[in-house]
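Start counting the sequence shown at 1; every next residue gets the next number (UniProt numbering).
Calculated from the structure, these hints are not laboratory results. Ideal Cβ positions, reconstructed from N, Cα and C, are used throughout, including at glycine. It is possible that some hints are incorrect.
[What the hints assert, rightly or not] Calculated lysine-lysine pairs in the DSBU-like style (CA-CA distance at most 30 Å, straight line): (1) K105 - K257; (2) K117 - K105; (3) K217 - K302; (4) K271 - K257; (5) K271 - K117.
[What the hints assert, rightly or not] Computed spacing ranges between beta-carbons, pair by pair: (6) L66 - L30: 14 to 22 Å; (7) V178 - R42: 26 to 34 Å; (8) L77 - P276: 45 to 53 Å; (9) Q114 - W10: 18 to 26 Å; (10) L333 - I2: 50 to 58 Å; (11) P175 - L77: 41 to 49 Å; (12) M266 - D125: 52 to 60 Å.
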Amino acid sequence: MIRFILSRLWQGALVLVGVACTVFFLFQVLPGDPVALLAGQRSDAATRAAIAADLGLDQPLPGQLLGYLNDVSPLGLHPRDSAGVARYGGFTLLPLGSERALVLKAPYLRRSFQSNKEVLSILLDHFTGTLWLALAAMLLATVVGIALGMVAALRAHTWLDRTLVSTSILGISVPSFVAGILVAITFGYYWSSYTGLNLTGQLYETDPFTGRHLVLKNLLLPALALGVRPLAIIVQLTRSSMLDVLSQDYIRTARAKGLSEYRVVMGHALKNALNPVVTAVSGWLASLMAGAFFIEYIFNWKGLGTVTLRAVENLDFPVVMGATVFIAALFVLVNIVVDIFYALLDPRVKLG
């Protein structure tokens with residue numbers, strides 16, 4: 001098992017290095033001069049040179065790439081002076097002479113051009129909103145999808161089954177930003193007086209009298225919009241799996257013994273039919289967080305998507321680059337955890 005975990009961690013590290021290199025080179029070809037954005041149009045040559053040196057842009061391209069990888073890596077070679085400690089922090093593992101040391105630290109994703117805050121702190125501040133949104137969408141899609149899939153299977157080849165299947169196909173086909181716009185306009189605008197829901201809102205709101213409080217209803221519309229596609233997929237997975245299980249011999253035997261239809265379905269069919277659904281849902285969390293970008297922007301939800309898209313509008317390159325690496329790291333981490341759980345729960349999974 002230890003070898004299996006180390007192998008997955010090594011593969012994940014290679015993926016992240018590849019993502020970081022790709023992001024670095026992509027932003028090299030984009031229009032816009034970071035030095036000019038920071039220094040302003042009326043800055044002198046000395047100011048621009050100092051900013052370029054601080055960003056490492058005075059080095060050749062290979063040196064810039066190595067510097068970027070060194071910054072985003074949790075294990076890097078950094079100066080031992082006060083400026084280096086203030087910038088990178090961390091824990092010194094091995095001094096390398098009087099000037100540098102091998103340091104274990106949080107990834108340094110540079111600083112925002114707009115706010116001059118560390119990009120990692122900005123992303124972590126917005127990560128909670130994205131995580132809550134993804135979890136709510138996954139919970140809503142799983143509960144409703146399984147229920148509708150069961151109904152479709154138990155009423156197979158009827159008008160209700162055909163309606164649910166057709167609607168689920170439509171749900172799979174609709175892009176997330178289209179689903180977000182439709183949900184926002186329908187439930188947050190035209191039917192707002194009936195639903196009591198608004199187009200925008202945050203998970204936590206501040207009232208001058210009661211202070212900061214949790215407002216779960218603001219989570220409903222973004223979660224519904226984000227959960228449309230996974231819900232539709234779960235409906236089809238559950239229906240297909242239920243139809244397969246209901247045709248098995250042990251189900252016919254249970255019915256022949258006189259068990260009620262409720263016990264046959266809930267006690268025997270459902271728990272066996274859920275295996276492919278659970279397998280599919282377990283790896284969706286990172287995908288939902290990545291897919292939440294446009295949903296957050298539509299509903300003005302405080303999350304990674306909103307801060308990243310606004311950074312794109314403002315040409316805030318470090319935030320966009322940092323968000324891309326951050327999301328990639330989430331994908332890798334979630335997939336490693338899922339692989340480990342599969343290996344623990346299913347002995348047929350090869351540990352290699």
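Hints and how they fare:
Between K105 and K257 the alpha-carbon distance is near 64 Å, which puts this suggested pair outside the 30 Å criterion. Proximity of K117 to K105 is assessed by CA-CA distance (about 17 Å); at most 30 Å being required, the pair is judged to hold. Between K217 and K302 the alpha-carbon distance is near 15 Å, which keeps this suggested pair within the 30 Å criterion. At roughly 19 Å between alpha-carbon atoms, K271 and K257 fall within 30 Å of each other, so this suggested pair holds.
With a C-alpha separation of about 49 Å, the suggested pairing of K271 with K117 is violated against the 30 Å cut-off. Distance hint check for L66 and L30: the Cβ-Cβ separation is about 20 Å, which falls inside the suggested range of 14 to 22 Å. The beta-carbon spacing between V178 and R42, approximately 44 Å, falls outside the hinted interval of 26 to 34 Å. The supplied range of 45 to 53 Å is met by L77 and P276, whose beta-carbon atoms lie about 47 Å from each other.
At roughly 36 Å, the beta-carbon separation of Q114 and W10 lies outside the given 18 to 26 Å, and the hint is violated. At roughly 18 Å, the beta carbons of L333 and I2 sit outside the given window of 50 to 58 Å. Here the CB-CB span from P175 to L77 is close to 44 Å, well matched to the stated 41 to 49 Å. The hinted window of 52 to 60 Å between M266 and D125 is violated, with their beta carbons roughly 44 Å apart.
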